[in-house]
Structure formats: C-alpha cells, structure tokens
Amino acid sequence: MLTTLKRAALGATTAIVMAGAALANPYADYAGTTLVVNFPAHPHYNAVMKILPEFTKETGIEVEVDQLPYLKMRERQTLELAQDEGDYDLIAYVVFSKADYVYADQLENLARYFMNPKLADPNYDADDLIDGYVYNIGFAGGNKGYLEGKTGSLFGVPYGSETSILGYRKDIFEKHGLEVPETYEEMLDIACKIPELEPGMGGLSSRAASGHHASHAFLLHLAPLGGRVFDDNWNPIVNNAAGVQAAEALKQIVDCGPEGATSFGFGEALGSFLAGDTAMFLDTTVVAGQINDPARSQVVGKVGWAMHPMGTRRGSQTGGFGIGIPKNAEHKEAAFLLMQWLTSKAGDKMVALAGGNPSRFSTHADADVNAKFPHMATFGEALKHADPDWRPIIPVWGKINADLGTTLSKVLTEDLDIQTALDGVAERTKAVMDEAGYYTWQ
Amino acid sequence: MATKGINRLTPYMFMAPAAIIMGIALLYPLGYMVYGSFRDWNPSQTIGESEFVGLKNYITLFYDPAFRESLSVTLTFAFAVVFAELLLGVGLALLLDRNIRGMSILRTLFILPMMIAPVVVGLMWRYMYHPTVGTFNRFLESIGLEGVDWLGQHALMSVIIADVWQWTPFIFILSLAALQSLPRSALEAARIDGATPWQQIIHIKLPLMMPVLIVTALLRLIDAFKVLEVILVMTEGGPGLSTEIVALRISRTATEFRELGTAAAMSNYLLILLLLLTLSMFAVTKLQEARAARLARQIQEED
Chain A
97 MLTTLKRAAL GATTAIVMAG AALANPYADY AGTTLVVNFP AHPHYNAVMK
147 ILPEFTKETG IEVEVDQLPY LKMRERQTLE LAQDEGDYDL IAYVVFSKAD
197 YVYADQLENL ARYFMNPKLA DPNYDADDLI DGYVYNIGFA GGNKGYLEGK
247 TGSLFGVPYG SETSILGYRK DIFEKHGLEV PETYEEMLDI ACKIPELEPG
297 MGGLSSRAAS GHHASHAFLL HLAPLGGRVF DDNWNPIVNN AAGVQAAEAL
347 KQIVDCGPEG ATSFGFGEAL GSFLAGDTAM FLDTTVVAGQ INDPARSQVV
397 GKVGWAMHPM GTRRGSQTGG FGIGIPKNAE HKEAAFLLMQ WLTSKAGDKM
447 VALAGGNPSR FSTHADADVN AKFPHMATFG EALKHADPDW RPIIPVWGKI
497 NADLGTTLSK VLTEDLDIQT ALDGVAERTK AVMDEAGYYT WQ
Chain B
8 MATKGINRLT PYMFMAPAAI IMGIALLYPL GYMVYGSFRD WNPSQTIGES
58 EFVGLKNYIT LFYDPAFRES LSVTLTFAFA VVFAELLLGV GLALLLDRNI
108 RGMSILRTLF ILPMMIAPVV VGLMWRYMYH PTVGTFNRFL ESIGLEGVDW
158 LGQHALMSVI IADVWQWTPF IFILSLAALQ SLPRSALEAA RIDGATPWQQ
208 IIHIKLPLMM PVLIVTALLR LIDAFKVLEV ILVMTEGGPG LSTEIVALRI
258 SRTATEFREL GTAAAMSNYL LILLLLLTLS MFAVTKLQEA RAARLARQIQ
308 EED
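Sequence lines, in order, name chains A and B. Position 196 (the first sequence) corresponds to 292 in my numbering; numbering is contiguous. Position 82 (the second sequence) corresponds to 89 in my numbering; numbering is contiguous.
If you're looking for bench data, these hints aren't it; they were derived computationally from the structure. Given the structure is predicted, the values throughout are model-derived calculations rather than measurements. Every residue gets a Cβ at the ideal spot worked out from N, C-alpha and C, and that includes glycine. Incorrect hints may have been included.
[As the list claims (entries may be wrong)] Dumping the calculated BS3-like pairs for lysine-lysine here, alpha-carbon to alpha-carbon at most 30 Å:
1) K240(A) x K63(B)
2) K63(B) x K526(A)
3) K246(A) x K214(A)
4) K347(A) x K266(A)
5) K233(B) x K168(A)
6) K246(A) x K480(A)
7) K347(A) x K480(A)
8) K423(A) x K146(A)
9) K266(A) x K398(A)
[Unchecked claim] Distance ranges between label pairs, derived from CB positions:
10) I54(B) x E160(A): 29 to 39 Å
11) M20(B) x D180(A): 32 to 42 Å
12) G363(A) x F69(B): 35 to 45 Å
Work the whole structure out from these sequences, hints included.
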C-alpha cells in the first residue's frame, strides 16, 4: 500500500516536474507586458523595427516604439530621465549621452540583471560582443571614467554601433591603376591625384562644416596618426605634432575634395560620394546600405571597401548607439529581456539580415550575413581595431567639441595657422577642464 | 459706503482675469528664465537641484570671445537686413502705389516668401547656393564667370540675402498700407504748389509714413535678432563662428554644451538689448510727436 502510494506520489511529482520543464519559459511571467521604448530614426533602428514583431511572437511581450530624430531623442530623454517616473522602459542613447546619463545616475547598472539566473540567458556569450563598442558605448567608471578598467561596469549594450571604413571607387582606381591605400600617406597622395586624373572629381569626401562635423573629421585622423585629445592627466595635447599632422591631413583632404567641401556636413559628404563626385569616402559603416540602393546612389556596384588606413597605428572610430534601461523605468526586467533578445547572437544576426549594424564578431563572420552583404567580412576586420578612446566621453566634451570644430573650420576657410589654432583650442580646453574640476588632484 | 467700495473695485475685478492670465503666462516663464540664469544648471537636473552661482554666468559670458563674436554677428546681421529691407520695401511700395490692373494678385505674389516656413526657406537657399549644382553658380558659369563660394567665404552675406528676400515683403506691405492711408489733401496741396515727385516723396510721403516705418523697423529688428531656423539650416553658424547669431548660440549652449544657466543668461542679455532698442525707438517717436505738437502750436500762435 505504502509502495503504491509512494509510486503514485513519485509519478505525480515527475508529472509536475515534467510539466514545469515543458513550460519553462523565462518570458512567461512577463507575457502581456507592454514595453515603451525610445529609438532614433536611423537605418539600424529601421531594421530593428522589422524584427520586433518576432520578439512579441516569441515572448508575448508587446513593444511600443517612440522613434525620434536622434538629436530630438536626446532632448526628450534628458527630460524623461529627470522625472520620478519615466515613460520609457528601454532607450537607445547616442554614445556621448553615456557620460551625462551615468553621471546623473539615470541608467541602471546591468550587473544585477546579468546576475539574475531567471533573467540572464547562459548562452548570451558576452565575449562575442565587439570589445571597442562595449567599452566605448556601454562601459562607465573604468579608466578615465569612460573606458574599460577594473573599476568600471556595464550600463548599456552597444546596438547600432559604427566604426569607420574607407570606401573607394573600384572603377576609377582600376582605370588609373591606383592601389587601394593602406597608409595615410598613400591615401592623402591619392586624394590629391584624383582631381588631376579625373577633372571635376574630388579626392575624398569628408565632413568639414563648422562645429561637430569638422571636429569629427579631425578626430577620425587624430587616432590613427598617433594623437589624443588629452594625456593621462587630462592635459590637452591636441596641439602636439600628431594633432598638427591630423589637421594638415584634414586640410589637404578638403583642399583636394569636391567643390564647396568646406561647408559639407555628413549628409553632403555622403551625397557627393553617392553622386559620383568623389573617388573615396572615409566615415561610418552605416552608409553601406545606402551605397547599394539604386534609388539613392549612382555608384551601385562600383564601391569597394578597405580598412581605415594606418598612420602610426590602426585606430578606427567607435560610435553610434547603445541601449540601456532608465532608472525610472516601469518594467525594468522585461526591458532587460528585450535588450538581451535584441543583442543575442540570434537577434544580432536577424537585425543584420534586415539591414542593421551588427554588434557581434560572430555576426560579421556569419555565412548567411556575408552572402547577403559581402562587405561584412571587411567591416568585421576593421572592428578589431576599433578604438574606444578616439574621442573622450566626458560631460564637458560638448563644449570642447564645438570649440574644436569651429576653430578647425576657421583653419579650413580662413587660412588660420594650424599650430596657432590648436594652441588656442588647447588653452581654452584647459580652462574648461579646470572649471569642471579635472585638475583637483594635481 | 460698502456699495461705493464695490463700485470702485468693479473695474479692477473686470480686469483681474486678464491680469492674472498675463501674470501667469508672461511673467512666470520670464521669471523662471531669470532665476535659471543665476544657476549652474545642466539639463539632467531639475532646477531645484542646480547650484546657485550668482552673477557668474553673466560675468563669464561678458569675457567669452565666442559670445562676443556671436553678438557682433547678430548686430551686423540685424542692422544690415533691416536697412536693406527698408530700402527695398519702401522703394517697392512707392513704385507700386498706383492703380495698376491686377494689383491684388501682384500684392499676393509679393508676400509669398513671407508665408513659407523658415526651414523650407533655409533648405531652398542652401541648395541654390550649392557650389556645384546650385542655381547661382550654374548661372554664373553659364555666362562665363567663376562660381562664388557662397556659404563658405561669403556666408554672412549669403544669409543676409536670404533674409532680405524673405522679409522685404513684410515692409513692403505695411509701407503700402501706410502710403494708401496718407491724407490726400496734403499731397494735392503739394502738387498744386508744384512739388516734383521726388519732393513729394522726401517732404510729404516719408515724414508722414515715419511712425509706421519706425514700428515696422522695430518689429523686423526684434525678429532679426531672434532668427534661428534659416541660419541653422543654411550654415549651422559656420564657417567658424561667422554666422553664429546669438539665438543659435543659445540653442547650442542649451543642447550641445548642456549649460542651461549660461543659455538663460545669454537670453537675458538678448532681452536687455531688445528692451533698450524698443525703449529708444519709443523715445524717438515721443520726441517726434513733441516736436510736431510744438510746431503745430507755433503755427497756431502765428495765426
């Protein structure tokens, strides 16, 4: 009798355990939740929009997306995050917002989510995430406050991140027997040869307009040429030999560039390459989709890709967006599940196939992704040299960036002497840093 | 007694709702801005969390070369556009102050630029100024001249031209209205006395139009000090700081540099500047009125 009872009990328990196993669905507790997320209007996030229905189907969690132009998005987030109860459960933030949000204690530290066995997927494989992106976009509190390091931790995961890559016109290079430039010297040489070989065509499309554009273009050259904005003690060194060389490179590129290049923002620089007015393009990987879109581009099929040329070292840019959970979010755990799903191996591949920018090494090497986008392998190679420290991500950077950009614009348009210009930037930067308290310990 | 008190209060009670709404809608935001300008305030904080710094923002700005440059750009821009617009607007009004067939259609056509959204105006001009595919350079090249680097070396002038194009009609339409409401008797008397058309314009029409012109110029000046979108779209303040007017600098200070306190202080400087301008304009009109009254009295006494 006892044995029968025991057997029955055992049977029942097994049944319950098995039923439990069959139902083991980490998303079950959150099914029916509606997440409100804030994404930018950006090619990567347009691709994300295509894969979100898949998430809802798989998890039962609904997602409502508030998609805004990215500068507007930043303004909205600034207001939202300062409130006691925010509207957003998950936000995509521009890389330079990291400093502001983390410093104002507005983003969740992700440790407690990755520690939670009910939430964290053991197969997530965080090591596969691209190092440069993680440290540049997701990390805070490490070396210099914004890089990897023993004191740092994770506040966001890179998503929609970009690095720099050299696009060149295969047909033009072939016609004149030009080699794809490997070094800065070769690139600058070709940039100025092109207008002679192909009258009316500019060498290299670059941003150069006053402000952020000129500064971005300069920093793009500064890292590979061996320079930095600050030394390890926050002293501005933008005016040293490498800085001068980077500014000279920018000036040479603009002088040998298409007509009117001094007022080019990102849109114009890309536009002139797409229109076939220039032979090279050195900027973000995000443009790859547009270059092969016949509606926008007159150079479909004519563009080859190469790594960002080397100066004294390799150092392509890191930038773009990351996703994080606001401190004042209502559904933080469900938001984490969405974040994890989007940036998982499967999610990353899905978004790459939909035309987004993958954040994982494995996605760049994936056969399906490469079959659809043959440039992906080169991009993956470039990512190994992505430099998370090519531009400092500190709260006062906005002001320094603007000063650097307007001063460089004067170099490009008013023939201001490069050394004088950069000395001025260094001096004003020093004052800004001093006021912000960076020299308190010196 | 009580009734008398209530009676005396009645007008104030009628005015009260308007006064209260005015107080809330006008003074509160203004007070908020003034309050904010004394604080070291970044947009991630609420205003309460920010630190009080006294006049620091004002003093820093006073010595800030970038702010001074943008102030001088603003003054150059504002006075240049208002001067050019007055010249063209009044000129056009004088030319078209007659009975031409289809005048009403012409007038509508003239004021079209004013009705276009500033962002569109900015974009339109930016493309027209484009170094290679822009209308102007293509035209110049087609007649064998060299293209001009409109938004590069001549950015401020190009921005001024665009603004003049958009806002001359405003001055034109107000001047035309003023012209058409001038007392015909004065003009007839002048004609009978044998005044030439030029004399009529200089001695009769312009002086009589002056009060309207002053107000119009003042309105345009205030607007020109605050113009933002057209320049933002056309040049983003560049190259260098050559077209960065104060309104643009305020917007960059608040969003790019994330210094709301400094941005508020800048707005207050602009407000003070505009207030001074307005007051001086009022003073000028008052002086003119006083002079006219004195003249009228003299004439009466002489009679």
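Results of checking the hints against the structure:
1. K240(A) x K63(B): holds (29 Å)
2. K63(B) x K526(A): holds (19 Å)
3. K246(A) x K214(A): holds (27 Å)
4. K347(A) x K266(A): Satisfied, since the Cα-Cα distance of roughly 25 Å is no more than 30 Å.
5. K233(B) x K168(A): holds (21 Å)
6. K246(A) x K480(A): holds (22 Å)
7. K347(A) x K480(A): Distance of about 28 Å is within 30 Å: holds.
8. K423(A) x K146(A): Holds - the C-alpha atoms of K146(A) and K423(A) are around 27 Å apart, at most 30 Å.
9. K266(A) x K398(A): holds (6 Å)
10. I54(B) x E160(A): 29 to 39 Å: Check passed, 30 Å falls within 29 to 39 Å.
11. M20(B) x D180(A): 32 to 42 Å: holds (40 Å)
12. G363(A) x F69(B): 35 to 45 Å: The hint (35 to 45 Å, Cβ to Cβ) holds, given that G363(A) and F69(B) are roughly 36 Å apart.
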